[in-house]
Amino acid sequence: GIQVEQSPPDLILQEGANSTLRCNFSDSVNNLQWFHQNPWGQLINLFYIPSGTKQNGRLSATTVATERYSLLYISSSQTTDSGVYFCAVVRGSNTGKLIFGQGTTLQVKP
Amino acid sequence: ETGVTQSPTHLIKTRGQQVTLRCSSQSGHNTVSWYQQALGQGPQFIFQYYREEENGRGNFPPRFSGLQFPNYSSELNVNALELDDSALYLCASSPLGREAFFGQGTRLTVV
Numbered sequence: 001g002i003q004v005e006q007s008p009p010d011l012i013l014q015e016g017a018n019s020t021l022r023c024n025f026s027d028s029v030n031n032l033q034w035f036h037q038n039p040w041g042q043l044i045n046l047f048y049i050p051s052g053t054k055q056n057g058r059l060s061a062t063t064v065a066t067e068r069y070s071l072l073y074i075s076s077s078q079t080t081d082s083g084v085y086f087c088a089v090v091r092g093s094n095t096g097k098l099i100f101g102q103g104t105t106l107q108v109k110p
Numbered sequence: 001e002t003g004v005t006q007s008p009t010h011l012i013k014t015r016g017q018q019v020t021l022r023c024s025s026q027s028g029h030n031t032v033s034w035y036q037q038a039l040g041q042g043p044q045f046i047f048q049y050y051r052e053e054e055n056g057r058g059n060f061p062p063r064f065s066g067l068q069f070p071n072y073s074s075e076l077n078v079n080a081l082e083l084d085d086s087a088l089y090l091c092a093s094s095p096l097g098r099e100a101f102f103g104q105g106t107r108l109t110v111v
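Here the protein sequences come in this chain order: W and S. For the first sequence, our numbering assigns the number 1 to the initial residue and increments by one for each residue that follows. For the second sequence, our numbering assigns the number 1 to the initial residue and increments by one for each residue that follows.
Please keep in mind that the hints were generated in silico from the structure rather than gathered at the bench. Careful, some of the hints might be misleading.
Listed next, the stretches of chain S that the computed footprint assigns to chain W, with coverage defined by at least 3 CB atoms under 8 Å from CB atoms of chain W [said to hold, decoys possible]: (1) 13 to 26; (2) 38 to 49; (3) 66 to 72; (4) 96 to 108.
Reference listing, derived: stretches of chain W covered by chain S, where coverage requires no fewer than 3 residues with Cβ under 8 Å from a Cβ of chain S [claimed, not checked]: (5) 27 to 33; (6) 37 to 43; (7) 83 to 93; (8) 97 to 105.
In this text, a Cβ means the ideal position worked out from N, Cα and C, and glycines have one as well.
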């Protein structure tokens, strides 16, 4: 089956710094989503981005489907950005089965 | 428009017991998927329901079963609970093949 790898596994930043999280996948995908998991466990949608570039405030994402990777950029990080970031992909058009990476744990220090 | 809601939020069960978790899908969504997330891991796909029929299953034993109702809400049932079933159970709804939205999860502890 398809493999999803996220890097780095852990990241510690000072407030105000920028960061880039990477997601590699081993086969072609139909959909890709980025999530932020809050301390209570809920997955918050960040981007639905099977290809191209999107921006939402301080966050942006780029997926290069032909090269099988996606990047999540966080600029001017805040302590509230702390948590686990997951990339998840869907392979196939008649399924919503999300295959998750292992996540990147981000800690932003004040 | 309400989002995805799950109940209960926390649950403690004894090994060997049975449990039912519930999920109300977001308005307009006909697909519900269930995931199990062990501590420190990414969520793992259990199964998906589309228009009341199972539409894909992950690598979970038959004691994990589910239902989807005409209003697209769903239940996850787990029989003969084992200690390793302790996890966060997440429900997601979507139009088939489109962006998925998750509920807040049910944290199950098996003792």
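For each hint, the structure was consulted:
no.: 1; hint: 13 to 26; in the structure: violated (count 0)
no.: 2; hint: 38 to 49; in the structure: holds (count 6)
no.: 3; hint: 66 to 72; in the structure: violated (count 0)
no.: 4; hint: 96 to 108; in the structure: holds (count 11)
no.: 5; hint: 27 to 33; in the structure: holds (count 3)
no.: 6; hint: 37 to 43; in the structure: holds (count 4)
no.: 7; hint: 83 to 93; in the structure: holds (count 5)
no.: 8; hint: 97 to 105; in the structure: holds (count 7)
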